[in-house]
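*Asks:* Model the placement of chain W on the given structure of chain U, informed by the hints.
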Amino acid sequence: MIALALTCIVLLLCLAVAGAFAALSPSGRHIVYGGALAISAASLLVALFSLGAAPSVVTLPLGLPWTGAHFRLDPLAAFFLVVVGLGSAGSSLYALGHGRYEHEPQRVLPFYPVFLAGLNLVVVADDAFSFLFAWELMSLASWALVMSHHRETGNAHAGYVYIIMASFSGLALLLCFGLLAGPTGGYSFDAMRAAHPTPGIAALALVLALIGAGSKAGIVPLHAWLPLAHPAAPSHVSALMSGVMTKVAVYGFVRIAFDLLGPPAWWSGTMVLAVGGVTAVLGVLYALMEHDLKRLLAYHTVENIGIIFIGLGLALAFGANQLPVAAALGLTAALFHVFNHSVFKSLLFFGTGAVLTATGERDMDHLGGLIHRMPKTAFAFLVGCVAISALPPLNGFVSEWLTFQAILLHPDLPQWGLKLAIPADGALLALSAALAAACFVKAFGVTFLGRPRTRAAADAREVDSFSLAAMFGFAALCLLAGILPGAVIDLLAPVTQMLTGASMPTQLDVAWLSIVPVESARSSYNGLLVFLFIALSASLAALVVRRFAAHGQRRAPAWDCGFPDPRPETQYTGASFAQPIRRVFGAVVFRTRETVTMPPPGDIAPARIEKHISDPIWDTLYAPVAGAVWHLSLLLNHLQFLTIRRYLGFVFAALVILLLVLALWQ
Amino acid sequence: MIQGLFVQGAQMALVLLLAPLLTGLVRKVKARLQRRRGPSPIQPYLDLKRLLGKEVVLAENASWLFRVAPYVIFAVTWVAAALVPTFATGLLFSWSGDLIAITALLGSARFVQALAAMDIGTSFGGIGASREVMIASLAEPAMLMIVLSVALVAGSTQLSTVADYMAFSAVGLRVSLALGLVAFIIVALAENARIPVDNPATHLELTMVHEAMVLEYSGRHLALIELAASLKLLLYVSVIACLFFPFGLAGGYALGLATWLVKLAVACVLLGVFEMSIAKMRVFRVPNFLGAALMLSLLGVLLLFVSGGM
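Read top to bottom, the protein sequences are chains U and W.
In terms of my numbering, the first sequence opens at residue 1 and continues consecutively.
In terms of my numbering, the second sequence opens at residue 1 and continues consecutively.
Simulated from the structure, these hints should not be mistaken for laboratory data.
Keep in mind that the hints are not guaranteed to be accurate.
Footprint (simulated), chain U over chain W, 3 or more residues, beta carbon under 8 Å [as the list claims (entries may be wrong)]:
1) 50 to 58
2) 85 to 96
3) 118 to 124
4) 153 to 163
5) 191 to 197
6) 216 to 223
7) 277 to 287
Output of the computed footprint for chain U on chain W, the stretches with three or more beta carbons under 8 Å from beta carbons of chain U [to be verified]:
8) 129 to 137
9) 294 to 307
Don't be surprised by glycine CBs; every beta carbon is placed ideally from N, CA and C.
Chain U with its partners taken away, still in its complex shape (with noise of 0.2 Å):
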């Protein structure tokens, strides 16, 4: 199976070296796009395949001399291997049709593949080094993909901060990976893992894992990279690098913390339980606040992590109270949210590059009323709005129950830090599904519905098939899991029976295809028996209407009070939509102000209303940092322009005090 999947990564690489030719010609994208969605429905194929089946293992001659390039097809792997594959699957798809819109597609083509395969490698790695290799290969495709529009305004300095925190993540992840090898540099992973750190070392590593994986996947304060770089990226690009790639960023947090790292310790459940709940609702606040709509989702992605990391805490807290189902609950919501959110954030970001092209307009509050020019497109988004906004009978309820569930399951920990940190979480999730409901309100209400407020936006069209056909196939997929969620849990058992030692009941077999977490008396759900009550309920509703009611319908213009204004300036914006919610939580959390001038009477100049909005983290983390970085190079910008007498004598300097250490060392 491994060999399988390693013959898709190297086809991929391949069919970048075919990209760069083919983007010569103007129908190569079809060969790239065409081939890549190929090989990533083979390797999902081989994926489904391996999930039940025992880890296969190869051994290849490359990389670091005495250890080889190890690679591994595990449970967990294929899981991961699963999300990749179909995330790409769907990108390829939809970009054979969106990729006719690009300018420039010799920037696009050539590392698209590389990218890709970059992602599918980072999953099927088992020493350290070709883990690092693939995690570089992924960021430097990833950031060469997002440099592609580098001439519009803010993509240079999106590129510069990815690649600045792409470094750090790297080499957070290197020193992690140092500490695990220890001084007899293990560097497979299977070394690592017959190796039994003490809990120092331990503790240190899995903090430098949350750092390094955790600044790839986007957790708050790490976070700040991800709505610059994310937007910057053609639209199916953005999709991969938020559906996907913060993915295989959770894949390196799950892979130390779980697998190489043995047994955790509570204080790392109660350490990861915050920074999720943390980032849940910052993320979802700062979305919020946006009304780019690339940035939103951006900034979504940062709270769906939160949730993800939620579930990973309970079960580092269950795991380390020795109560492995109720870990392996805790570990199935958070990877069950790692499958819903590749779907319906793919789904999302396809929708919002299809009004791209539609309009060329990414800020809401230039578009309006879509859902009469582009219905097909306006569907599908409403669809993925439905699911992450976590509402049932879709897919994103069913991991946030899951993950509610697993909060309720012990609340009688013996450690304070868990008692305190689970409820708290408990609370924190909820605020976070709550708000995610208004802010998809916000876009799809801004976006899609009301009047057009440009003519950019009043003169859209739909898209073209192959982009609908991606869209479609998402959604169906966000009904799918949402209705049937007892499949994908059961897909889930053979990775949480290696990772915590036991898995969920199986749920195929429960009557009805109810899920059941643990017995029926304490909890069940039945996503497809909701859905279906729904269904009849609203037909019998529309039955007994059409039979009993008035059939007459008459268009007239809108009533509002009697006072309606024809002019589309008049409907609520994205910023005034979330002006109430800016006032509860904004004032505390980003200090949002508001300053209105109003002329004296007499004087026609307009009434004026400031909105000012500071971003707490970069102004308190990221500012402060940049500041010393440049200051501490203006002081060694004098280095620069010595005489060579001054060098010489510094290198002879540093020799002896290097020799000084030496000699006092010992």
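*Replies:* The following block gives chain W in isolation, referenced to the frame of chain U:
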């Protein structure tokens, strides 16, 4: 099985039939307290009949979403109400969704309603939708926290199991449940657009929320939305009754039905008296009010976690 199906069907029909009466009774109580005679309690039925007989006037740029929304809102609310044990526990399909699912189903209904409000692109629709989601962003987490504290006490999120637990075992007086009850009442007032959060009786007022969202609806669409709103009120009263006052639920269908009707009547009177004795709040005072509910419910959950394992 057949009997179970029958009871489930009876429950669904009963909530649907009784919901407008509940709304009518609250209006009657309020009218009597204002020394008005007020319309008859069956006035909501007549209103529904009148609305169903009228033609629909659609705004010129209304999309399919605007026309589909009333059916979705009604169906989702009805399904949520069907999952609540009213006169008996252990309904046939009660396991298909628990309290978390019921909360989320109501969230789905609100999501669709807010979207429908924004469909025409009027400023009233926008104001209603944006205030509704602001209120929901506090009320929904508070509701979920109450669900968590109840579930921690009873060891289940399944509403039937919880009601049985509350009815049969010696729960006694629990601080966290008391906090939960206060919080639940605040949430129920907010979710049903009652005073002090919203005023169901006014129109053309800048502070309105629910009415602003349904302003463009008419005819059969409005009838469905009004019916869904009544159903939601009935649902909240029934949930409070079966969680915190589960008397009579265990004593057979006749006793269960009788006690449930009495509970509904008491709730109508209490709601009417409460609404008459308090003024409506400014919209930006509402977050404080709902924030109190959120904090109370969170406190209840924390108490349960802290006292667990001791």
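*Asks:* Which hint numbers does the structure go against, in order from smallest to largest?
*Replies:* 5
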